[in-house]
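Q: Here's the letter readout for the chains.
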Amino acid sequence: MNGTETSFTPGAGLLGGALIGLASAALLLANGRIAGISGILGHAFGAARGDRGWRLAFLLGLPLGAWLATRVTGDAMGFAITADARVLVAAGLLVGVGTQLGSGCTSGHGVCGIARGSRRSIVATAIFMLGAAITVYVTRHLSGGTP
Amino acid sequence: MRTVVAGLCGIAFGVGLALAGMTNPAKVLAFLDVFGRWDPTLAFVMAGALAVSAAGYRLAWRRPRAWLGDAFGIPTRRDLDGSLLAGAALFGVGWGLVGLCPGPALANLFRVSAEIGIFVAAMLAGVIGYRAFTWMRAQSAPRQLEGAAR
Chain R
1 MNGTETSFTP GAGLLGGALI GLASAALLLA NGRIAGISGI LGHAFGAARG
51 DRGWRLAFLL GLPLGAWLAT RVTGDAMGFA ITADARVLVA AGLLVGVGTQ
101 LGSGCTSGHG VCGIARGSRR SIVATAIFML GAAITVYVTR HLSGGTP
Chain E
1 MRTVVAGLCG IAFGVGLALA GMTNPAKVLA FLDVFGRWDP TLAFVMAGAL
51 AVSAAGYRLA WRRPRAWLGD AFGIPTRRDL DGSLLAGAAL FGVGWGLVGL
101 CPGPALANLF RVSAEIGIFV AAMLAGVIGY RAFTWMRAQS APRQLEGAAR
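Read top to bottom, the protein sequences are chains R and E. Under this note's numbering, the residues of the first sequence are numbered 1 to 147, in order. Under this note's numbering, the residues of the second sequence are numbered 1 to 150, in order.
Treat the hints loosely; a few may be bogus.
[Stated by the list, open to error] Covered by chain R, per the in silico footprint, the following chain E stretches (three or more residues, Cβ under 8 angstroms):
| # | region |
| --- | --- |
| 1 | 36 to 47 |
| 2 | 56 to 70 |
| 3 | 88 to 102 |
| 4 | 117 to 131 |
No lab work stands behind these hints: they were computed from the structure. For every residue, glycine included, the Cβ atom is placed at its ideal position computed from N, Cα and C.
With the rest of the complex left out, here is chain E (with noise of 0.2 angstroms):
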């Protein structure tokens, strides 16, 4: 049941990133262009993504666990660490080259496009190239402890 909600939780998210032009990286770079040609929309799409998600979270604290039955997976960390800033900054340039964030990526892939599929294979190599050298890390110093929140 929880996998069968996800997945209509992960359709419902691609036909919003499709509607709202997410998916389209030319209309994202033309929102982060501020000194050329800007194209507002992007702020709309997270006006309107904010709005229903906080009335969500608002539902969710009256509750003591999620209607299937898990705790709520909520990140409780407050502290601004370097991994946090740096790793923001990273994607963020990341994200100006091409105008592509995760989830359009992953959403594009639809998509017969060369581009495409290019950039998911270096994000996915990021991905798990990072994972591979943190796990690392943490078998050579057992007690360190791995950023949780995401």
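Next comes chain R alone, as it looks inside the complex (with noise of 0.2 angstroms):
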């Protein structure tokens, strides 16, 4: 079990989920706009041209903050990726089209769609928890050893 368990920290993952929701608030309220993650990422190509900019900032904010808070926290929360590159692969095809098919990922249907009560939103939420869930049951529990 290399790099795969972490400790609990109820009280990081209430803040950073606050700043979170702080950032799709804020987005909603000043520019209008759904910080739906996979949303912003799939409008930005073939966008209309003033629909672009911001797009492109947003997303280029996320790195930009999360290097930020690693070097006020010294990278507190660690990082360790333990797949080998063809399952980074397939898993990063999975992603982007699914999110695509689906209208939504962890932000814009976890968060912003379950935070406004959409129906579709909340079922789509289940459906890619339950996924995600069973996906790591068989990959560290039946198949034996991790991906």
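Using the hints, put the two chains back together into the complex; each one sits in its own frame.
A: Written out as structure tokens, the structure reads:
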């Protein structure tokens, strides 16, 4: 079990989550837009000229913000990936296609959608949470060993 | 101004992801591993995010327009179609394989990590491939409407 065990950090989770919620609320109140990462990303391709700049600015802000936070905290939460290249490619393709076909991901459906009580988002979040949990169960507990 | 606000929101979102531990795929997998050494942190991330964003929606519903003058672009669809269900299932499997969803994948681009590079390249290929496919289909069937809810 190399790098797969993590400690329970509810306080940091609540604080980080509240910031994610604050960013989502601010984007909605100021710009009138949903902070769904897959939607912002997907519509950046082929977007009308005036609709592209804010999308790229938001997307560029993500690594900048994460970098700033890890500078301050000393990367307290750590970073570990155990998947090999083939699994990374398969997972990336599934996440890319799945979020476009399903109109959202953890942020768009899981946070923004559920926050406004969207039936589609509640169902989608239940499905991808269950699908992810089953995938982890199969790869960790049925096939023997971590992916 | 809209671009500056979006950039600041992106930064705050990225700080939140990193503080919460969402940028560590091992931590996300530990949340999804209900039958292993379960780490319930992600449930607290969701709770914190939902509490604040739900308050934001309540404020937004009282206003005719956003602060910077745009109309609210809030999805209105309520039907549960096959695309939504199949897409969510595919995304779930991909998320469970590595522990990366789109936000944390992009937020981790600041690291010089081959794993992140490979994952994000494949994810972008999936996004662009899907967009190109639906665009071509729309060209051959001009009246078909694209699912806009996001």
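Q: Are three or more residues of the region 88 to 102 of chain E within 8 angstroms, CB to CB, of chain R?
A: holds (count 15)
Q: Given as covered by chain R, does the region 117 to 131 of chain E meet the bar of three residues or more with CB within less than 8 angstroms?
A: holds (count 14)
Q: Between the region 56 to 70 of chain E and chain R, are there enough contacts, at least three residues with CB-CB distance under 8 angstroms, for the coverage claim to hold?
A: holds (count 10)
Q: Do at least three Cβ atoms from the region 36 to 47 of chain E come closer than 8 angstroms to Cβ atoms of chain R?
A: That given contact holds, which follows from 11 residues of the region 36 to 47 of chain E lying within Cβ reach (below 8 angstroms) of chain R.
The earlier numbered hints are all upheld by this structure, with none contradicted.
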